[in-house]
Amino acid sequence: MKQNILKIIGIGILIASIQFSCNKKLDRLPTNDVTADQIYSTPQGYKQAFVKLYAAFGLTGNQGPAGNGDIQGIDEGFSDFLRLYFKAQELSTDEAVISWGDAGIQDFHNMNWSSSNPFLQGLYYRCYYQITLCNDFIRQSADDKISGRGITGADADAIKKYRTEARFLRAYQYSIVMDLFGTGPFATETDILGSFLPKQATRTELFNYVASELKAIDPDLADARTNEYGRADKAAAWALLARNYLNAEVFTGTAHYDSALIYSKKVIDAGYSLVDDYRWLMLADNNLNTNEFILTINYDGTRSQSFGGTTFLTHAPNGGSMSGSVTGVGGGWAGLRTTKNLPDLFPDLNGTADQRAEFYLPGQKLDIDNQTVFTDGLAVTKYRNVTRTGAQGSSLDYSDIDFPIFRLAEMYLIYDEAFLRNGGGDETTALSYFNKIRTRAYGGSTAGNVTSINLDLILDERARELYWEGFRRTDLIRYGKFTSDTYLWPWKGGVKGGKGVEDFRKIYPIPSSDVSANTNLKQNPGY
Amino acid sequence: MRKSITLFSKHACVLIFFIFFAFVATAQNRTVTGTVTSKEGTPLADASVTVVGQKTGVRTAADGTFSINVPANAKQLQISYVGSQAQRVDITSASNVTVALTTSAQALTDVVVIGYGSVKKKDVTGSIGQVSSKDFQKGNIVTPDQLIAGKLPGVQVTSNGGAPGSGSTIRIRGGASLNASNDPLIVIDGVPLGNNGISGAANAFSLINPNDIESFSVLKDASAAAIYGSRASNGVILITTKKGRTGKPVIDFNSTLSVAKIANKVKVLSPEEFRKFLVSHGSADQQKLVDTASTDWQDQIYQTAISTDNNLSISGGYKNMPYRFSLGYLNEEGILKTGKLSRYSLGINVSPRLFDNHLKIDLNVKTSLSENRFANEGAIGAAVSYDPTKPVYSNSTRFGGFTEYLDPTSNTGLKKLSPTNPLGLLLQRRDISEVRRSLGNAQVDYKFHFLPDLHANLNLGYDVSTGLGTIFVPDSAASAYHRTTDAKHGGINNKYRQKNANTLLEFYFNYVKEISSIKSRIDAVAGYAYQDFLTTNYNFSDYTVDNVAVSVPPDLFDKPEHTLISYYGRLNYSFNDKYFLTGTIRTDGSSRFNPNNRWSVFPSGSFAWKIKEEGFLKNSRVVSDLKLRLGYGITGQQEGIGNYDYITYYKISNSQAQYQLGNNFYQSYRPGGSYFNRKWEQTTTYNGGLDFGFANNRITGSVDYYYKETTNLLNEITQPATTNFSNKIVANVGSMKNSGVEVSLNIIPVRNKNINWDINLNGTYNTNKITKLTISSDPNYAGNRYGGISGGVGNTVLINSVGESRGSFYVYKQVYDDNGKPIDGLFADLNRDGIINEKDLYQYKSADPQYLFGASSNISFKNWSASFVLRANLGNYMYNNTFSSTGTIRSIINPLNYLNNGSVNVLATNFSGSGDKYFLSDYYIENASFLRMDNINIGYNFGKIFRNLATLVVTGSVQNVFVITKYNGLDPEISGGIDNNFYPRPRTYSVGLNLEFR
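These protein sequence lines are chains A and B, in that order. Under the working numbering, the first residue of the first sequence is numbered 32, with each subsequent residue one higher. Under the working numbering, the first residue of the second sequence is numbered 8, with each subsequent residue one higher.
Only chain A is shown next, with the shape it has when bound in the complex:
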């Protein structure tokens, strides 16, 4: 009996000790993934976390080309920044139509999008994803954090540069939010993840915040044209300021054309020059265009693969009778074309006089009877995954073409428009900038040069020079032509001849998913 009791006590002690050691086993850790403290313990870790801030532009996730996306609730192939931005900025205008049946994709050109549109939702979360990454990085790279982790000297200086660029990227994405959605939730590095509900910033607040940030980081950014390829420098900040000031009247109600002119001039005077041939701009080896490109999103056919970016811009407009080789790909996706409004701006469709007319004509017709038929509307061959010498890019399936977020030609046109809108400057300079663009467009000939410029000419010139680079919606809004019936294009508003739509469509709705998740958010009027 006694022995039995001892046995029971023994068993009891054994069980108790097993339990104690087992309860600790509820602390499980992943095999390969690391915590913030681990990643931010070395300069190399900082760099790899920093790279993600830029990679969030050019990639869709952690696994190329797809399989582990950054953004949930949208097909990963669609979730790339440029692809989504293109849809919001170009597909909603006269510059582009698409033939596909993906959920919500036809709403852009028909101008009947709702707050549940999956592409708008994807774009919104892509912008805020980059903002969230930047906030975290900025928090992790504060001076006390770096020194607390024992990083000093050149390493610490490099991290400070990263931090400044993170602030630039954040400002860039806030300005995209400001342009597209008008308002939006606002958070900075001082807001700790998961423990707050961001407040809604007005369009003016966003505008002022972006401007003050860009000016604040100006001294710390690398001098123009001195940073690594693909990284922001002072010129990138000035270029963004110039672009925002040009649209300040739309964004805030107060015009700032003088500032637009000043900042565009700062970029222009920083030593940039136009690439010799317009047709070299969007090629597989356009990383050579550093004399014109101010900041690029970098793509690579073998190492940076996704179904977005310039892969989209080379495949989607390829279809009909076009062979894949025309845009340097294995085969087209038969989606994107343009309405006749864009080709109508050029003297001829073949690019004989103005070489910027890069259209594919065989089998395509100018008029669009049906948006979903690829051969209705001209195909655009501006983006070609081949090099200047005509060699194929590194892959037939993924593009090597880098995308310039800012390039010199835009700065020329900002200067000219700001000048015309009484932002200062002088006519001789304005004309000379305009004719530089024209001379290149006409293959070095002055045949296209003009002797005077006006605002309508600038809008048309922006279309000719910058089409399919993500400017058109903003430009049409600035000129009052986006929603009104004073300017029409085929299938504007969902009817063949085009029609005006309600003014509230000048800004996109905040996705209803975020309105339902954040009680501080008020939906934009009209939606």
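No lab work stands behind these hints: they were computed from the structure. Bear in mind the structure is a predicted one, so any value in this text is a computation, not a measurement. Treat the hints with care, since some could be wrong.
[Unchecked claim] Listing some non-contacts, in silico: residues in chain B with all C-beta distances to chain A over 10 Å: (1) Ser301; (2) Leu361; (3) Thr419; (4) Lys506; (5) Asn626; (6) Leu768; (7) Gly770; (8) Ser936; (9) Glu1003.
[Claimed, not checked] Here are the simulated lysine-lysine pairs, DSBU-like style, with alpha carbons at most 35 Å apart: (10) B:Lys367 - B:Lys249; (11) A:Lys246 - A:Lys176; (12) B:Lys820 - B:Lys283; (13) B:Lys566 - B:Lys502; (14) A:Lys537 - B:Lys735; (15) A:Lys371 - B:Lys846; (16) B:Lys506 - A:Lys55; (17) B:Lys735 - A:Lys176; (18) B:Lys760 - B:Lys250; (19) B:Lys776 - A:Lys230; (20) B:Lys828 - A:Lys527; (21) B:Lys344 - B:Lys502; (22) A:Lys297 - A:Lys512; (23) B:Lys454 - B:Lys526; (24) B:Lys255 - B:Lys760; (25) A:Lys56 - B:Lys658; (26) B:Lys422 - A:Lys413; (27) B:Lys295 - A:Lys396; (28) A:Lys176 - A:Lys78; (29) A:Lys78 - B:Lys502; (30) A:Lys413 - B:Lys295; (31) A:Lys512 - B:Lys846; (32) B:Lys658 - A:Lys176; (33) B:Lys423 - A:Lys413; (34) A:Lys176 - A:Lys55; (35) B:Lys779 - B:Lys828; (36) A:Lys56 - B:Lys367; (37) A:Lys530 - B:Lys820; (38) B:Lys250 - B:Lys344; (39) B:Lys367 - A:Lys55; (40) B:Lys735 - A:Lys55.
The beta carbon of each residue, even a glycine, is placed where N, CA and C say it ideally should be.
Got chain A; can you put chain B on it based on the hints?
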């Protein structure tokens, strides 16, 4: 802990060895023979015959006869049989006895397995359904879940298709969650299985041989299931495997030969209709694409499949040690060419009883090796849509000789984005795997010598599986032609490998005391459980045939793991054998939650009142049984979420997701989404039930009403922008209600010497409503959309919305013309804002059935037996994705300049297929209610053959006999409500024989 398991398994081997050889036989003196029958005279097989005062015994054969060696001085035999009172018979002067046992029509003395113990069926307080082997579905059954389809109310078993070993989706009372798992917990002989599947097996459950299973207990309400608190929200299925019984060895052999044929093909345009279609809808250029052959691609990819299933078992009792060994060999072909499954299985059960029955040991091991070849199921959709005017073979050696779409201007010679030859997809892909699984446990139950009312029970269990496989596609195959970015290398030569190691340690004390002075009985359990689920994923590079890496994983392996720890207690109290009270409490900790939210308490209580035992009914001849049950309980859930999500981890990108800065490319580190405050999802269940029996239990049954409310739903919700690294994450937001009624009825219309007829009928009504989904309610926010469909990337057809059923369809309202024909692209402007966009979508019907019915009949007449099982679902709707994705002009005449075949539905709608709205037309939502005859079975018992050495039973059966439905697609019964490239369920004809030697 794993160390102790290994240690234990070593000891177990020694123990088995000991048990086998350490006993010595004792002398026997004479033989008594006899026959055991029911009161009606039906011979009773498997009745237990023991010598009173001895431990040895035998079982009766199929004809009720037995023969037993007894000591010379033996005086009495005890005869016992499931469902009847044990009877003693004097043998002092007899060597041949005939015993007629009084059996109640319904076996009220049956024991029901519950968590951590068992109770007599008549004492059950919760809602528990039970199916034993005699009631199982018959025919060629490959996975255990199919055994109980249609057998129990409230349990929906939907097979995942016709692929070999594909298993089923099981829903008990509709499940309890949205984004977390809705799968019930499955416990085999006391080992709860993990939810982690295994690479290389179609379904982890297919690794268990159904022939080894004795019975299923389904714990449906919380009061029954709460003892499994942490994983019990969706109900618990307790599987008990066959065990040896005291007596001489019985050798059982059964063999089934089956032939499976496709029952139904997708109706597509015939080559003639296709040609006509092109003439009327195609341009001159498009008509030139029409070829000259006439091919039925579905005939090309399907085959008549032959399968065999052979099982051999030996069971009996060696002294105090019942044992059972079983061997199984299954070879199943799929009706989709190239697919097959071979499974070798071994089962061992030994149950030594030591120290005068004070120490009971149960050792269970089930091991299997399965060899699979997976058919490329992409061929199913390809065969529906491949151009019927193309020949199968091209008369050229290129692309393996298969006809493909060519484009001379493309670098591969193949037309980009065009479909691939369906037969080529099958024959040019070799995906073979080998999966080993072993699961088992050692349960040691010790009855204390000084206090026999107290038991200590230790249960050590494991479930280990490894899957490894290879995929080979030749570089001539169009599906893998020129895969590298330089378009110089092709084919696939890949490996995959995964390992699961789940371990279990449980220890509990059980105290049972009859206190007759106060007419009370106490049964108390207190215990502890530790479960660990460890998976090892090996990552391999993706290689071409000539071993050029197409992609390289950043990590060579990954070992996700999670752990559950539980403390539990249960008290059963009964008074006067009339009133029963059960209370359970359980505390669970999960490694998936942050330390503050880790632990949660799950209580339950239930009460039963045997009304029949009251004076006013006691002597009733009409009412033979009546019992009221009431139960309440809370269960938890932590499945369907990440293992480590409560803090942010950084993960490195792979080699194709590098980013260039300067002249260097970098693999970047990405922070993942996290949700610190995630906690247990909780389901509260109320259950009221009535068990009844009439006419000496010739009619028995039960009615249950249940109400379940799930709160803190593990629900994937949108995170406010800027507050998380993931815009969607599973959080605890929302609530949902489920309620329903279940009825089951067992009727014995005839029971006499020659005829036995059992009928089982059951019906379930289940309804569910989501009551909360988001933190704030935005009228513009319709809900969580899901259910991706084929056609138009990003289209989803299902939604979870507040105020609606889970899994409602979310669609546009189609407008019809005067003739009732849908008008292409015209939808109702439901919000009347003049435009058609997402705001005009509406919730329409649900994929879940409202009513489930099952009917089984077993009849035996002399040596003949016949049975069938019918099942019906009512109120379930289906999105006909085959219609919507293949039945339009645009899908048949593809804008990329090639032709597809399509559903004949295109002739009815003439839909153009342009735009992005028509996919979501409610036209494609069809009523998928159905009545299906699962199987019909006939058997003949030849009785003793081989000079009385064996009994032989031969059976013939047909499975998936017929389906009656209004649904126009291939099969109305598809889990999830989206009919898209479903692997057709074959019709299977089987012949089986069963030989029993004793």
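| message | Hint compliance check: list the failing hint numbers for this structure, sorted ascending. | response | The structure conflicts with hints 3, 35, 38, although it agrees with all the remaining ones.
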